[in-house]
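2 protein chains.
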Amino acid sequence: MIFTIDRDVLLNQLLIIQKGLPNKTPLPILYAIKFEVYEDHLLLTSSNTDVAIQVLIDDSSLVIKKTGKVAIPGRYLIEIMRKISSQRVEFALIEDKLIVIKADRSEFKLRLMDIEDYPDIDFLDLDDPIALDSQLIKTIIKETNYSTATNEKRPILTGVNFKYLDNHLYCVATDSYRLSQKNVKLRTHSKTFDIVIPNRSLDELSKILDTYNNDVELYINPNKVLFKMNKILFQTRLLEGTYPDTMRIIPTEFPVIIHFNKEELLQAVERVSLLSPRDRETNYNIIKMSLRPDSIVEISSTNNEIGDALEEVIPASDVTGPVIKIAFSSRYLVEALKSFSSSEVTINFAGEVKPFVIKGNLDQDLLHLILPVRID
Amino acid sequence: MIFTIDRDVLLNQLLIIQKGLPNKTPLPILYAIKFEVYEDHLLLTSSNTDVAIQVLIDDSSLVIKKTGKVAIPGRYLIEIMRKISSQRVEFALIEDKLIVIKADRSEFKLRLMDIEDYPDIDFLDLDDPIALDSQLIKTIIKETNYSTATNEKRPILTGVNFKYLDNHLYCVATDSYRLSQKNVKLRTHSKTFDIVIPNRSLDELSKILDTYNNDVELYINPNKVLFKMNKILFQTRLLEGTYPDTMRIIPTEFPVIIHFNKEELLQAVERVSLLSPRDRETNYNIIKMSLRPDSIVEISSTNNEIGDALEEVIPASDVTGPVIKIAFSSRYLVEALKSFSSSEVTINFAGEVKPFVIKGNLDQDLLHLILPVRID
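Note that the protein sequences, when read in sequence, are chains A and B.
Quick note on numbering: the first sequence equals residues 1 to 376 in the numbering used here.
Quick note on numbering: the second sequence equals residues 1 to 376 in the numbering used here.
What the hints contain is simulated information worked out from the structure, not anything from laboratory work.
No residue lacks a Cβ here, since even glycine has one placed at the ideal position from N, Cα and C.
Be aware that one or more of the hints could be misleading.
Claimed, not checked - The list that follows gives simulated cross-link-like pairs (lysine-lysine, PhoX-like), each with its CA atoms no further than 20 Å apart: (1) B:LYS97 to B:LYS19; (2) B:LYS262 to A:LYS83; (3) A:LYS163 to A:LYS138; (4) A:LYS109 to A:LYS65; (5) A:LYS83 to B:LYS185; (6) B:LYS288 to A:LYS109; (7) A:LYS163 to A:LYS185; (8) B:LYS109 to A:LYS288; (9) A:LYS231 to A:LYS262; (10) A:LYS262 to A:LYS185; (11) B:LYS228 to B:LYS191; (12) B:LYS185 to B:LYS207; (13) A:LYS262 to B:LYS142; (14) A:LYS102 to A:LYS19; (15) A:LYS97 to A:LYS65; (16) A:LYS24 to A:LYS66; (17) A:LYS83 to B:LYS69; (18) B:LYS185 to B:LYS138; (19) A:LYS19 to A:LYS207; (20) A:LYS19 to A:LYS231; (21) B:LYS69 to A:LYS288; (22) B:LYS97 to B:LYS109; (23) B:LYS142 to A:LYS338; (24) B:LYS69 to B:LYS24.
As the list claims (entries may be wrong) - Listed next, with one range per pair, are the computed distances between beta-carbon atoms: (25) B:ARG187 to A:ASP104: 25 to 31 Å; (26) A:ASP96 to B:SER206: 50 to 56 Å; (27) B:SER206 to A:ASN223: 54 to 60 Å; (28) A:ARG105 to B:LYS354: 23 to 29 Å; (29) B:THR242 to A:LYS24: 46 to 52 Å; (30) B:THR242 to A:LYS97: 51 to 57 Å; (31) B:LYS97 to A:ARG82: 37 to 43 Å; (32) B:ARG237 to A:GLU352: 45 to 51 Å; (33) A:ARG105 to B:LYS325: 49 to 55 Å.
Let the sequences and hints guide you as you build the complete structure.
Here's what the structure looks like:
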């Protein structure tokens, strides 16, 4: 196995492959990146318990002198490639278990792992993909993933539910204290599906999409989904189980609707949270929001030990409806507001102890819902 | 106590004062910042076991309506000031233990601590200061402080020794594995002194000097030193004990002297360290450096588990002297090289098991010394 390639080209692909390396695994071979060197291209593969990633490299800078397959310790290889400043690097297998990497006056000999130990990765090979725009996927992840559960009490809630029905994609995430829902009309037809993708996988996928701007093809079977991006395959396991029916908890009648400038509201909420006491269950800061008779919204917190905070926010337009007072975790509202692209948002109140709903004037078909907490 | 001030002005001074707040203290009052409001200026004070800081604010934006003294919880106040976006803020004592901070439509009530509990801080009040240029102090800290010991086995080594004699300032730091020494000729006369300043205090002082460009006056007594900067007082305790005589461990004869391009050498050393094994005692990466008969310098590491690294570095000028081979902690050389301003450095070898000395062509009167480790 001998090849040379531009260092920048290889490093960029290694940084994608890196997202498939495990942090900790009982199967040490997975710390390696599988290099398959063919006559005119390379295939690099990494995998852990959640995802498997494969990239194909057929860059014009690639010169292959001898084909072969090896398993190279991933993190060491990536660190070396980061630190190398020369333009070209050469990889050559010199013994059964030793690879030499040369770059200018640098020479690294890395002990290989046994390529025979590397598990076979089945990347899905199906018909009928669903084509999605890469930026749409990125947007959906940004708008929903933060609402997934981080603890494993109910494993199904640690992922985002993607349901496809009649040309519409319905995406929902909830940790049972708040919920994000995004609906998208698709231009393509497909068979219906109803899957839950782990939040960590979506985080990694989102980072890969930062550098990819074409359509992504989705291939789905009952256990996994493959995202195919030109020369990158990103496959993740799916969460098992039935996702809860969340439609019934979203209120439909809102006696009070208040419009806000998003940035003003966000800053006021962040300031009030500085002093607010923490919720016993979630450890999050609890703040109060109330609509005063003079139509000004008051955001406040009371803390016997440290002190009190009070912000007045003037709604962006006239408010109708009764005076209302509600308390909730400030972090939920901060995260929801940050996920909107709109500069103006509405908060829709169903009642003092009912979930309230946040929408953005420019973010069509996106809603966030937050459960209030009871206060004295 | 009532005053108003521009938020930016106050925040900038609070960020200096912050460096004197303790992380953890058995004396909770020290979590507070002492505010003394006089007719035409404010004095803010913070202190912990190492340092005490005082800033005077007499900015033209300051409007004092009522004098007074209070102790305001430091971290909460600083967080609030950071998050406030309005131009002006008002502070008003409304009850014995409650201060109101108003900014636009924001209002914070902070519970005060008991000002009577705040300890008296004696800032030195002496004659005969030594005047030093602030950038010189910053440079000395950068060039020496990293060589101080981080563990407390020999407490005296956790500081930098500043010795003044016959118009010269001699600055030394060592953790007993490496040493940094900087000599400076001063323009002013002063009484002789020989003090050791804790490394943490120097770190904080260095950050304050980032925003200060005038002369600094030093006032020294046997227990502490005061750095006086226009409207800022920075006082630190001194380490007790006698600093070891380090002159005798610096070799004076060097059979081999090699010139390097600093950046080239630094990059080669950093790459080799990626694979190098770790020293049992210090847990640092051990690398080898040898001068070959062909006058090329080889930097290498051997690691039975992971692999080997080898770099060839061509000296910046002709090398005279015998072939030499030496092993040492790469981190020591990396840190030493980074502390030089020069783009060219020399490594001066006294022998294979003797300390070697690094100098920069533009960094006069600065030397770094590193002890080699024995290898097989």
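For this session: Return the numbers of the hints above that this structure violates; sort them in rising order.
Result: 1, 5, 9, 10, 12, 13, 14, 16, 17, 21, 23, 24, 25, 31, 32, 33
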